[in-house]
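Colleague: Here is what each chain is made of, one letter per residue.
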Amino acid sequence: MQIDIQDVTMIYPSGKKALSNVNFSVKSPDFVGILGPNGAGKSTLMKLMTAGLVETKGDILVDQERLLDNEQDFKRRLGYLPQTFGLLEELTVWQFLDYMAALKNIKSKAEIEWALDKTGLTDKKKAKISSLSGGQKQRIGIAQAILGKPEIMILDEPTVGLDPEERVRFRNIFSELSSDKIVFLSTHIVDDVQAVCNRVLVIYGGKILYDGSPAELIEKTTDHVGTYVRKMDDVIPENCEIVSKVNTRNGVLTRIVGDNLPDYVERCEATLEDAYLYCINFGEKRGA
Amino acid sequence: MMQTIRLTGVEVRRLLMNKKTYLIIALNIALIALGFVPFLRNLLGDVLSLSAESVTTRNIIYPFCLGGFGGAILWGISLILDADRFKSNGTSHMVNAYAAGKKIKVATLFAYMMCAVLTTILSVLIYLPICRARVEYYFGLDRYLIYTFIAMLPSILITLLVCDGLYLISQNVSVSVILLLILSGAQFSSIACMNIFLRWNMPQFMNVSDSYGSYGNIRFQIYSRVILLVMAVGFYALAAMFARRYQFGAFRSFLKNIREIKGLIPVVLAFAIGIVLIVKEPFIDHSPVMAFSDSVGYSETEVEYQGDSSSYEGDVHFNTVLGTLKGKLKIKLTDVASDKLNFQINSGIKIKSVTLNGKKLNFDVKYDTDDPDSLNLAQMLGVIHNPGKKTGELIIEYGGYPTISNSSFQKGGYELYDSIEPDYISVNSATLMPFFMGIGSDSQHIYVNLPVNHSATNNGLPLKRVKENEDGTVRYDIGSDYPMLLSAKNHMDEIPYHDSDILFEYSEKHAELVEKNGINQAITDVVDYCDKHLGVLKFINEEDKIRIQMLSSDNGGGGGVVNGNVMLSEDMMSPDTLSDSKKGTNKNETFMHELIHLYWGDLGCYVDDDKLWSAEGLDVYTTYRLVKEKYGELYAKQYYVDKWKEDVKFQNNNFYFRHPKYLSKLPDSYKTSIKDSVDGINKYSRMPLMLLKAEEKLGGEKAMDEVLKKLYDKGSYNMFDGTSGVTFQDFLDISGLTEEDLNIDEDF
Numbered sequence: 001m002q003i004d005i006q007d008v009t010m011i012y013p014s015g016k017k018a019l020s021n022v023n024f025s026v027k028s029p030d031f032v033g034i035l036g037p038n039g040a041g042k043s044t045l046m047k048l049m050t051a052g053l054v055e056t057k058g059d060i061l062v063d064q065e066r067l068l069d070n071e072q073d074f075k076r077r078l079g080y081l082p083q084t085f086g087l088l089e090e091l092t093v094w095q096f097l098d099y100m101a102a103l104k105n106i107k108s109k110a111e112i113e114w115a116l117d118k119t120g121l122t123d124k125k126k127a128k129i130s131s132l133s134g135g136q137k138q139r140i141g142i143a144q145a146i147l148g149k150p151e152i153m154i155l156d157e158p159t160v161g162l163d164p165e166e167r168v169r170f171r172n173i174f175s176e177l178s179s180d181k182i183v184f185l186s187t188h189i190v191d192d193v194q195a196v197c198n199r200v201l202v203i204y205g206g207k208i209l210y211d212g213s214p215a216e217l218i219e220k221t222t223d224h225v226g227t228y229v230r231k232m233d234d235v236i237p238e239n240c241e242i243v244s245k246v247n248t249r250n251g252v253l254t255r256i257v258g259d260n261l262p263d264y265v266e267r268c269e270a271t272l273e274d275a276y277l278y279c280i281n282f283g284e285k286r287g288a
Numbered sequence: 001m002m003q004t005i006r007l008t009g010v011e012v013r014r015l016l017m018n019k020k021t022y023l024i025i026a027l028n029i030a031l032i033a034l035g036f037v038p039f040l041r042n043l044l045g046d047v048l049s050l051s052a053e054s055v056t057t058r059n060i061i062y063p064f065c066l067g068g069f070g071g072a073i074l075w076g077i078s079l080i081l082d083a084d085r086f087k088s089n090g091t092s093h094m095v096n097a098y099a100a101g102k103k104i105k106v107a108t109l110f111a112y113m114m115c116a117v118l119t120t121i122l123s124v125l126i127y128l129p130i131c132r133a134r135v136e137y138y139f140g141l142d143r144y145l146i147y148t149f150i151a152m153l154p155s156i157l158i159t160l161l162v163c164d165g166l167y168l169i170s171q172n173v174s175v176s177v178i179l180l181l182i183l184s185g186a187q188f189s190s191i192a193c194m195n196i197f198l199r200w201n202m203p204q205f206m207n208v209s210d211s212y213g214s215y216g217n218i219r220f221q222i223y224s225r226v227i228l229l230v231m232a233v234g235f236y237a238l239a240a241m242f243a244r245r246y247q248f249g250a251f252r253s254f255l256k257n258i259r260e261i262k263g264l265i266p267v268v269l270a271f272a273i274g275i276v277l278i279v280k281e282p283f284i285d286h287s288p289v290m291a292f293s294d295s296v297g298y299s300e301t302e303v304e305y306q307g308d309s310s311s312y313e314g315d316v317h318f319n320t321v322l323g324t325l326k327g328k329l330k331i332k333l334t335d336v337a338s339d340k341l342n343f344q345i346n347s348g349i350k351i352k353s354v355t356l357n358g359k360k361l362n363f364d365v366k367y368d369t370d371d372p373d374s375l376n377l378a379q380m381l382g383v384i385h386n387p388g389k390k391t392g393e394l395i396i397e398y399g400g401y402p403t404i405s406n407s408s409f410q411k412g413g414y415e416l417y418d419s420i421e422p423d424y425i426s427v428n429s430a431t432l433m434p435f436f437m438g439i440g441s442d443s444q445h446i447y448v449n450l451p452v453n454h455s456a457t458n459n460g461l462p463l464k465r466v467k468e469n470e471d472g473t474v475r476y477d478i479g480s481d482y483p484m485l486l487s488a489k490n491h492m493d494e495i496p497y498h499d500s501d502i503l504f505e506y507s508e509k510h511a512e513l514v515e516k517n518g519i520n521q522a523i524t525d526v527v528d529y530c531d532k533h534l535g536v537l538k539f540i541n542e543e544d545k546i547r548i549q550m551l552s553s554d555n556g557g558g559g560g561v562v563n564g565n566v567m568l569s570e571d572m573m574s575p576d577t578l579s580d581s582k583k584g585t586n587k588n589e590t591f592m593h594e595l596i597h598l599y600w601g602d603l604g605c606y607v608d609d610d611k612l613w614s615a616e617g618l619d620v621y622t623t624y625r626l627v628k629e630k631y632g633e634l635y636a637k638q639y640y641v642d643k644w645k646e647d648v649k650f651q652n653n654n655f656y657f658r659h660p661k662y663l664s665k666l667p668d669s670y671k672t673s674i675k676d677s678v679d680g681i682n683k684y685s686r687m688p689l690m691l692l693k694a695e696e697k698l699g700g701e702k703a704m705d706e707v708l709k710k711l712y713d714k715g716s717y718n719m720f721d722g723t724s725g726v727t728f729q730d731f732l733d734i735s736g737l738t739e740e741d742l743n744i745d746e747d748f
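Sequences listed follow chains A and B, in order. Numbered by our numbering, the letters in the first sequence go through residues 1 to 288 in order. Numbered by our numbering, the letters in the second sequence go through residues 1 to 748 in order.
Hints were generated in silico from the structure; no laboratory data involved. Backbone N, C-alpha and C fix where the C-beta goes; we use that ideal spot for every residue, glycine too. It cannot be assumed that every hint is accurate.
Derived CB-CB ranges, DEER-like [stated by the list, open to error]:
hint, chain 1, residue 1, chain 2, residue 2, range
1, B, 261, A, 109, 35 to 41 Å
2, B, 268, A, 107, 32 to 38 Å
3, A, 17, B, 43, 58 to 64 Å
4, B, 118, A, 169, 53 to 59 Å
5, A, 216, B, 261, 46 to 52 Å
Here are some chain B residues the structure puts well away from chain A; computed CB gaps all over 10 Å [what the hints assert, rightly or not]:
hint, residue
6, 13
7, 14
8, 85
9, 126
10, 130
11, 188
12, 192
13, 269
14, 474
15, 630
16, 678
17, 693
18, 747
Part of the chain A face toward chain B, derived, beta carbon under 8 Å [claimed, not checked]:
hint, residue
19, 84
20, 90
21, 95
Using the sequences plus the hints, can you model the full thing?
Modeller: Rendered as structure tokens:
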């Protein structure tokens with residue numbers, strides 16, 4: 001499967017421009033992490049890719065054909081977890097997944113059992129959804145997305161509401177499932193992307209600032225990350241962004257990214273988080 | 001398609017998992033029970049605009065119509081809320097990613113419809129024993145199933161389609177619910193009441209017969225429900241064009257959706273079918289004028305001479321299942337007065353061809369807007385063009401489905417003047433054939449071919465049996481120049497009366513009721529009493545026996561006396577009427593009362609409101625005297641005299657009766673209700689008390705009987721022909737009493 005996003009611009013009827021001339025291609029297997037601050041255009045991009053919205057300009061191609069011309073066919077190959085979703089609370093977990101299976105045209109009940117197993121919901125399958133916790137409901141959302149092992153999975157903030165252990169478990173499941181598929185993972189949790197994605201898209205202000213491997217993004221940030229101990233009255237160096245601050249006996253150990261770090265800032269190895277912050281604050285295309 | 005079916009299954013299961021669904025089912029079923037509450041039942045009678053109420057109507061149609069209407073609102077609102085929940089809680093984001101939104105919406109709609117079907121089935125089962133017990137003698141499972149489903153299910157299905165459509169367009173719960181309530185309320189407006197097709201979720205149902213099949217009503221109801229369902233499907237399909245696509249609003253989504261031909265097809269198809277069904281509907285007369293005259297009365301019409309014939313022969317065949325007739329009329333014209341021959345015909349009966357000596361003649365059929373009575377009877381005026389006033393054999397072939405007058409809607413409830421059903425055929429002259437007035441004939445034979453198990457009369461007179469046809473029907477000769485055919489699958493009792501018999505014809509369903517209530521004995525009691533006190537019936541001899549014949553109540557109820565034969569609507573013989581305390585207390589006293597009309601004329605014959613004078617009052621007094629003789633003075637006093645007094649006291653206490661000038665300030669419905677009550681008490685209580693006073697003044701019952709005997713002798717010959725019958729002045733003249741003598745107000 002191949003998805004080509006060609007020069008896509010999305011302007012909402014309200015006039016708000018959410019995406020601007022976005023271009024990229026994805027070919028299976030590919031696990032793409034999408035990073036960007038709130039309002040950057042991540043969810044819009046995902047909705048466009050699920051045919052929930054239609055682009056104002058440009059084309060989205062699936063296997064060289066326009067998505068909107070083959071919408072139904074594409075939907076049969078899709079697994080989608082929206083950022084916010086509601087469940088049919090009056091149903092049991094099994095019934096809800098059966099409902100979603102019907103929507104996805106999945107006939108085998110074994111697929112439902114498999115999804116329940118993968119999401120750790122087997123023992124809850126007869127429980128009414130209304131009786132479950134927020135985390136369990138999020139797992140149901142994930143279960144319906146992976147139901148039928150779709151060729152493309154679009155996951156918008158899938159690990160929100162999960163405890164750290166579950167988060168790790170799920171990102172490993174996603175990784176496992178991505179062996180022959182396309183997975184888009186939109187998240188604020190950079191660690192998740194670093195852990196499982198072979199490719200990362202950084203979106204800011206409706207534009208793609210970076211499209212490549214996490215390692216390359218980190219590589220680009222070399223010499224642009226450093227730490228120094230800041231006293232109370234010290235000012236933050238110009239053109240730098242603080243990544244983290246840790247209080248110590250000597251002062252605040254401050255980690256910053258910037259284009260030209262002052263000499264007193266001790267250079268250190270960049271993480272993906274540093275690279276992401278560097279990208280959205282000092283990236284080449286920013287403001288272009 | 002398969003996916004939609006599977007989704008529907010899943011949606012049904014989803015609904016059945018929800019406690020709210022069961023709550024709605026329970027509420028819907030409970031609403032039906034409200035239809036048995038007398039107050040609501042009376043209200044329903046007004047809403048449904050019925051002019052007669054059979055036991056079946058009151059105990060099946062009313063409750064299930066209420067269940068259908070209430071259920072429609074409940075299920076409709078529930079569907080709107082459900083659709084909105086999908087949108088507002090984000091479920092739609094997820095489900096729309098996997099399947100076309102339309103499929104999911106259709107599946108949800110189907111699921112609701114299936115729940116409505118389930119509710120109807122449950123209701124039908126739960127109320128079966130209750131309705132069976134209430135409808136008693138007349139209950140038939142097949143008819144119960146048909147009536148309940150027609151009364152309840154289509155209303156809910158139509159409403160579900162409309163509600164889903166409203167939400168698809170507005171995407172707003174409040175707007176959709178308000179529109180639903182407005183549209184539901186609007187159908188009770190006076191405009192909507194005139195058009196059955198505007199009564200979309202509260203059908204303008206009919207009075208169904210207890211005794212006969214009411215096929216005409218059923219055909220009409222099914223047809224109108226099908227039209228509304230088809231139109232609702234069209235509306236839903238059109239509304240689906242507004243289903244939001246992507247980020248677009250209603251208008252842009254519509255423009256996108258309309259490009260898809262497959263979405264447009266159901267819209268066009270449904271509306272086209274609906275419009276064709278409306279235009280081609282065979283049931284209602286499409287007179288351009290909503291004619292309305294209170295009564296098609298006894299007005300004398302001067303008949304213009306149109307010609308003469310040596311032979312006048314008609315042959316009519318009925319299709320009792322479809323409700324149609326076809327016929328051929330042959331007139332051998334020997335003289336023609338004009339180059340135009342006029343006739344009247346029911347607007348549903350179409351002239352297929354007109355030939356004179358084998359050559360085709362032109363003809364026109366149009367509404368005669370100058371004749372409200374004919375419009376009132378759904379009749380049209382036909383004109384055959386006969387240039388040169390040629391004589392010879394005129395043959396007219398015709399056929400069709402008799403229509404109902406559209407003016408009957410204006411009166412607030414429709415009536416079937418003509419019925420063609422397997423167990424009941426009742427047709428007027430201009431329905432049976434093109435009806436020519438003013439063509440004389442030496443030999444007139446109108447042959448009708450009727451089901452073998454029917455007994456038939458023409459204007460109350462028996463038909464001459466000609467032969468048995470090969471198709472199992474029996475050929476009769478009506479022979480009359482003004483045929484009014486009544487043919488029904490009836491049971492007949494022969495009650496001896498002098499040298500003749502009184503023939504009592506009633507439906508087989510009445511057999512048990514007649515036996516239980518001793519109706520035959522009541523008939524004998526009445527004629528014995530009346531013969532002794534008033535005089536023998538004048539219209540009876542060995543050949544021409546008196547018939548008491550039952551009419552189906554779906555022609556509006558009531559009855560009359562024709563050629564000295566009693567035609568009683570079946571509702572006059574229902575258990576409720578038989579125990580109507582206004583007319584008598586023992587079950588058969590009401591029936592006695594109706595029979596006494598044979599002596600005094602029927603309800604509408606003569607009424608003089610100013611003098612409290614009516615046939616009805618004479619009848620009530622005579623019934624009282626009969627009961628007094630039969631059951632004793634105490635009984636008669638308790639259930640008649642005391643009750644009359646009580647009624648008059650009640651009437652005198654009525655503010656509007658005492659101050660009639662304020663009556664005009666009331667809304668029409670109240671005014672009518674009060675006026676009806678006053679009229680009723682005047683006829684059924686005040687006038688009998690006045691006659692009781694006359695009895696006292698005259699010196700007792702014997703003297704009174706002498707007066708009544710003379711009165712009967714004076715009036716009996718013109719009692720039924722629409723003239724004034726016996727008047728109050730006649731009574732004063734014969735009795736020698738004055739108006740002052742008969743003033744009962746001084747006694748209160």
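Colleague: For every hint, state whether the structure bears it out.
Modeller: Evaluation of the provided hints:
1. Judged by the Cβ atoms, the range 35 to 41 Å given for residue 261 of chain B and residue 109 of chain A holds: they are separated by roughly 37 Å.
2. A hinted range of 32 to 38 Å for the beta carbons of residue 268 of chain B and residue 107 of chain A is consistent with their spacing of about 35 Å.
3. For residue 17 of chain A paired with residue 43 of chain B, a C-beta distance near 60 Å keeps the hint of 58 to 64 Å intact.
4. Remark: the range hint 53 to 59 Å for residue 118 of chain B to residue 169 of chain A is contradicted by a beta-carbon distance near 43 Å.
5. Hint check: residue 216 of chain A to residue 261 of chain B, Cβ distance near 50 Å, so the stated range 46 to 52 Å holds.
6. The beta carbon of residue 13 of chain B sits about 7 Å from the closest Cβ of chain A, which is not more than 10 Å, so the claim that it is off the interface is violated.
7. With 10 Å as the threshold on Cβ separation, the claim that residue 14 of chain B sits away from chain A is violated: the shortest Cβ distance comes to roughly 6 Å.
8. The non-interface label for residue 85 of chain B is inconsistent with chain A: the shortest C-beta to C-beta separation is roughly 8 Å, within 10 Å.
9. Residue-level check passed: residue 126 of chain B sits 25 Å from the nearest beta carbon of chain A, beyond 10 Å.
10. Here residue 130 of chain B stays apart from chain A, with its beta-carbon at least about 32 Å from theirs, past the 10 Å limit.
11. With a closest Cβ-Cβ approach of about 35 Å to chain A, residue 188 of chain B is found to remain outside the 10 Å limit, as its non-interface label requires.
12. No Cβ of chain A comes within 10 Å of the Cβ of residue 192 of chain B; the nearest lies about 38 Å off, and the non-interface call holds.
13. Distance to chain A confirms residue 269 of chain B as a non-interface residue, since its nearest Cβ pair spans about 23 Å, more than 10 Å.
14. Look at residue 474 of chain B: its CB is around 61 Å from the nearest CB on chain A, clear of 10 Å, so calling it non-interface holds up.
15. Every C-beta of chain A lies more than 10 Å from that of residue 630 of chain B, the closest at about 67 Å, which supports listing it as non-interface.
16. Every C-beta of chain A lies more than 10 Å from that of residue 678 of chain B, the closest at about 58 Å, which supports listing it as non-interface.
17. Distance check for residue 693 of chain B against chain A: the nearest CB is about 74 Å away, which clears 10 Å, and the non-interface claim stands.
18. Chain A leaves residue 747 of chain B outside its interface by the beta-carbon criterion, the shortest separation being 71 Å against a cut-off of 10 Å.
19. A hinted interface residue such as residue 84 of chain A counts as satisfied when its beta carbon comes closer than 8 Å to some beta carbon of chain B; here the least separation is about 5 Å, so the hint holds.
20. Interface hint status for residue 90 of chain A: upheld, as the beta-carbon distance to the closest one in chain B is roughly 4 Å, under 8 Å.
21. Taken as an interface hint, residue 95 of chain A checks out: its beta carbon lies about 6 Å from the nearest beta carbon of chain B, inside 8 Å.
When held up to the earlier numbered hints, the structure conflicts with 4, 6, 7, 8 and fits the remainder.
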